[in-house]
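There are 2 protein chains.
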Amino acid sequence: MRSDIDGLMAKRELQAVIISGGEHPNTIRRYLSNGIDIHGGLVVKKLGEAPALIVGIMEIEEAQKTGLTVLTHNDFEYAQILKAAEGDANKATIIFWGKILEKFAIPAGKIGLYGTGDLHIIIERVKQLAAMYPQYEFVGETGMTLFDEAFVTKDADEIRIIREVAQKTSDVLQATWDFIGSHSADGETVVKADGSALTIGDVKRFVRRALLDVELEDTDMIFAQGRDGGFPHSRGESKDGLKLGQPIVFDLFPRQLGGGYFHDVTRTWCIGHAPEKVQKIYDTVMQAFKIAVDSYEEPGQPTKTMQEAVMTYFEEQGHPTGRSQPGTTVGYVHSLGHGVGLNIHERPSISHLAKEDVFQKGNFITIEPGLYYPEEGIGMRVEDSFIIDENGALVSITPFRKDLVLPLRGAQ
Amino acid sequence: MRSDIDGLMAKRELQAVIISGGEHPNTIRRYLSNGIDIHGGLVVKKLGEAPALIVGIMEIEEAQKTGLTVLTHNDFEYAQILKAAEGDANKATIIFWGKILEKFAIPAGKIGLYGTGDLHIIIERVKQLAAMYPQYEFVGETGMTLFDEAFVTKDADEIRIIREVAQKTSDVLQATWDFIGSHSADGETVVKADGSALTIGDVKRFVRRALLDVELEDTDMIFAQGRDGGFPHSRGESKDGLKLGQPIVFDLFPRQLGGGYFHDVTRTWCIGHAPEKVQKIYDTVMQAFKIAVDSYEEPGQPTKTMQEAVMTYFEEQGHPTGRSQPGTTVGYVHSLGHGVGLNIHERPSISHLAKEDVFQKGNFITIEPGLYYPEEGIGMRVEDSFIIDENGALVSITPFRKDLVLPLRGAQ
Numbered sequence: 003m004r005s006d007i008d009g010l011m012a013k014r015e016l017q018a019v020i021i022s023g024g025e026h027p028n029t030i031r032r033y034l035s036n037g038i039d040i041h042g043g044l045v046v047k048k049l050g051e052a053p054a055l056i057v058g059i060m061e062i063e064e065a066q067k068t069g070l071t072v073l074t075h076n077d078f079e080y081a082q083i084l085k086a087a088e089g090d091a092n093k094a095t096i097i098f099w100g101k102i103l104e105k106f107a108i109p110a111g112k113i114g115l116y117g118t119g120d121l122h123i124i125i126e127r128v129k130q131l132a133a134m135y136p137q138y139e140f141v142g143e144t145g146m147t148l149f150d151e152a153f154v155t156k157d158a159d160e161i162r163i164i165r166e167v168a169q170k171t172s173d174v175l176q177a178t179w180d181f182i183g184s185h186s187a188d189g190e191t192v193v194k195a196d197g198s199a200l201t202i203g204d205v206k207r208f209v210r211r212a213l214l215d216v217e218l219e220d221t222d223m224i225f226a227q228g229r230d231g232g233f234p235h236s237r238g239e240s241k242d243g244l245k246l247g248q249p250i251v252f253d254l255f256p257r258q259l260g261g262g263y264f265h266d267v268t269r270t271w272c273i274g275h276a277p278e279k280v281q282k283i284y285d286t287v288m289q290a291f292k293i294a295v296d297s298y299e300e301p302g303q304p305t306k307t308m309q310e311a312v313m314t315y316f317e318e319q320g321h322p323t324g325r326s327q328p329g330t331t332v333g334y335v336h337s338l339g340h341g342v343g344l345n346i347h348e349r350p351s352i353s354h355l356a357k358e359d360v361f362q363k364g365n366f367i368t369i370e371p372g373l374y375y376p377e378e379g380i381g382m383r384v385e386d387s388f389i390i391d392e393n394g395a396l397v398s399i400t401p402f403r404k405d406l407v408l409p410l411r412g413a414q
Numbered sequence: 003m004r005s006d007i008d009g010l011m012a013k014r015e016l017q018a019v020i021i022s023g024g025e026h027p028n029t030i031r032r033y034l035s036n037g038i039d040i041h042g043g044l045v046v047k048k049l050g051e052a053p054a055l056i057v058g059i060m061e062i063e064e065a066q067k068t069g070l071t072v073l074t075h076n077d078f079e080y081a082q083i084l085k086a087a088e089g090d091a092n093k094a095t096i097i098f099w100g101k102i103l104e105k106f107a108i109p110a111g112k113i114g115l116y117g118t119g120d121l122h123i124i125i126e127r128v129k130q131l132a133a134m135y136p137q138y139e140f141v142g143e144t145g146m147t148l149f150d151e152a153f154v155t156k157d158a159d160e161i162r163i164i165r166e167v168a169q170k171t172s173d174v175l176q177a178t179w180d181f182i183g184s185h186s187a188d189g190e191t192v193v194k195a196d197g198s199a200l201t202i203g204d205v206k207r208f209v210r211r212a213l214l215d216v217e218l219e220d221t222d223m224i225f226a227q228g229r230d231g232g233f234p235h236s237r238g239e240s241k242d243g244l245k246l247g248q249p250i251v252f253d254l255f256p257r258q259l260g261g262g263y264f265h266d267v268t269r270t271w272c273i274g275h276a277p278e279k280v281q282k283i284y285d286t287v288m289q290a291f292k293i294a295v296d297s298y299e300e301p302g303q304p305t306k307t308m309q310e311a312v313m314t315y316f317e318e319q320g321h322p323t324g325r326s327q328p329g330t331t332v333g334y335v336h337s338l339g340h341g342v343g344l345n346i347h348e349r350p351s352i353s354h355l356a357k358e359d360v361f362q363k364g365n366f367i368t369i370e371p372g373l374y375y376p377e378e379g380i381g382m383r384v385e386d387s388f389i390i391d392e393n394g395a396l397v398s399i400t401p402f403r404k405d406l407v408l409p410l411r412g413a414q
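Chains A and B supply the protein sequences, listed in that same order. Number 118 in my numbering belongs to position 116 of the first sequence; there are no gaps in the numbering. Number 274 in my numbering belongs to position 272 of the second sequence; there are no gaps in the numbering.
Simulated from the structure, these hints should not be mistaken for lab results. Treat the numbers as computed from the prediction; the structure is a model and nothing was measured. The beta carbon of each residue, even a glycine, is placed where N, CA and C say it ideally should be. Take the hints with a grain of salt, since some may be wrong.
Straight-line Cα separation of at most 16 Å, EDC-like style, residue types lysine to aspartate or glutamate; simulated pairs [unchecked claim]:
#, chain 1, residue 1, chain 2, residue 2
1, B, K105, B, D77
2, A, K363, A, E300
3, A, K67, B, E239
4, B, K357, A, E219
5, A, K404, A, D180
6, B, K206, A, E239
7, B, K129, A, E239
8, A, K206, A, E239
9, B, K129, B, E139
10, B, K67, A, E300
11, A, K206, B, E219
12, B, K112, A, E126
13, A, K357, B, E88
14, B, K101, B, E79
15, B, K129, A, E126
16, A, K129, B, E79
Some, not all, of what chain A presents toward chain B, calculated at C-beta under 10 Å [said to hold, decoys possible]:
#, residue
17, E15
18, I21
19, P27
20, I59
21, E61
22, T74
23, L84
24, N92
25, A110
26, G114
27, I125
28, G145
29, D220
30, T221
31, V335
32, I346
One chain only, chain A, in its complex shape (with noise of 0.2 Å):
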């Protein structure tokens, strides 16, 4: 969390770190800056000191809502350094980054960059500037990194975020069954009022709005309808109608308005009816989810044993997985959850193949078993999110109901 980010730094010796990345959505950016990333700018965090922003003087009005020290381009004479630069703005980069390392008195040695933006960029300015302050050495990080190891747990104040970002996903998750819902059936086709087929695209648009309502804003969901559900990404047809009978993986994973924390859900469902093979394997993904769950146990346990406990069941019922047939692409194909945060994927990582990560307190993670069949017409996949909360319990919060067969209750 974010009161552990001195020691992290400490632990990899860096002096500073910096945030760069221009005007892209940067998550590391927006949590120093207290949840609100500014369009551009840089955060500069000395060790043992409270992060600071520096930005143009157009973006210095959003920038003070964060509570950080702020400081623009003329605090740092930038005008004269472009001036200065024959108004190459990647040279008078180079000289603005060192006034900024001067002004902060940062002493030598190394300085982690951090941030989301464009790679081409990073990799020369990385060069020039350890030519330039050949005092300092610039690194990066790959693997477990500071901002993961932050990330892996949430304080308080993020857990209620979360907790309330949970709630009106859920809401809109059964805004969404009693919509379709109030459909009846042409044959084997949902229709509308009109007769015509209500398609997924509908459905969208409809989860999209009602996602809007409650100050959430979709990331792409999943919508996915029969063989296109056997793939566990696909996000399904926007003109395809909704069909009786087939099982729809219904992922959902939107976030505050604007960037923020996400919640990450998915339901399978099933209109009308289920055919006997599709609730055989959907009693089989539910075993599978309680399974995970019972086989949580405290802090400090490894993540890969729920993932292992999982795969020895589908094994058992003779379903392929990652482990008995690695790179699959039947079975039970992914890891079982991740963690969530201001990412929809962060770490831990609930995988067999992941060596390090522990259950911690603080943990906001998913538990999402699935199996994919789609030449048979079937995706099924269920997925919860979950905390560790501070007794080291495992809780849904995600409290959606979890039947596979959704009945239209439509005009007969």
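Please build the complex by placing chain B on the supplied structure of chain A, with the hints as guidance.
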């Protein structure tokens, strides 16, 4: 445009470009993938050959919609690589990249790395790639990059989409104008039927829904009233009620739902009536807008000539500019315009400091003069988007009125 890419690669002596960046929205990846951005994956483009997509097995169904050649991790035996790397995903990635370079038979030499993603990862990845594959030089780029150059001109397919987005955005402006106009006033405050204030939050909610209805999405519009509008990028305060006679800067820059082409337009509105001083400054901004458009002559003209014409006019009228007072926070504080496309800000830059930028056929640009005096409660900006068509003509594609006063025709 897309057809220039091989030439731009040859100019830089690049044997290949690789677009990486994980699941972050990635406009370069989208551009090379015919407008569809897969959530994750690499695009590899060898000099003289069509781009290819490499994705995880879960993404294959979406990836094939791009029309590109699609390979999956399985084609490179990634599961075995990961096992050999003892589950170390970072080490596995370096080996995986080597297999890709081998499979595409990329000749020794320079490889350009581009895209949007985690800066900290690419900084270290480049070092590891360089150490492992010394026959290649892995390079980034700053300044006017390969894709900046490509994006500068749009082809006919892109212009068609850009015009559609422009029309939809103008329709939403009209709907917003009508929505606000349908209200009435109580004293100096615009009120709803129940007598409560119509707030900026209400207007933004209306706009977001109206955008969704035409398959566009807001990307953090500006609707800033009075003093707030005097800070060019202040978003406005959602809780504030709309007031009569105060200038409101409404800068709307939506894009196609899920990512895609932007439109960029700004209007300044005064509800009910405009005080004389506000009208006078607005007339000055409108005259600057006309001067800007009239200063355009032909393709090949340096863009800075347009900004210089506007600055000269503003300075003659007694307003400080970034040329007369570098770093000024009042008067005319920003550049005149910029390219637009899959990114909201692209080249060319229309700035007095832009030394290389010239107007070209196929440009999609904004022209947006403004004046800002926050302590006087004044911010003004008027912006249309333009294309430079196949005849070299500068054509506005924002067909929406530029009236300052938005009259209320609501309940009496």
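- Message: Hint compliance check: list the failing hint numbers for this structure, sorted ascending.
- Response: Hint check: 4, 6, 7, 10, 16, 17 and 25 fail, others pass.
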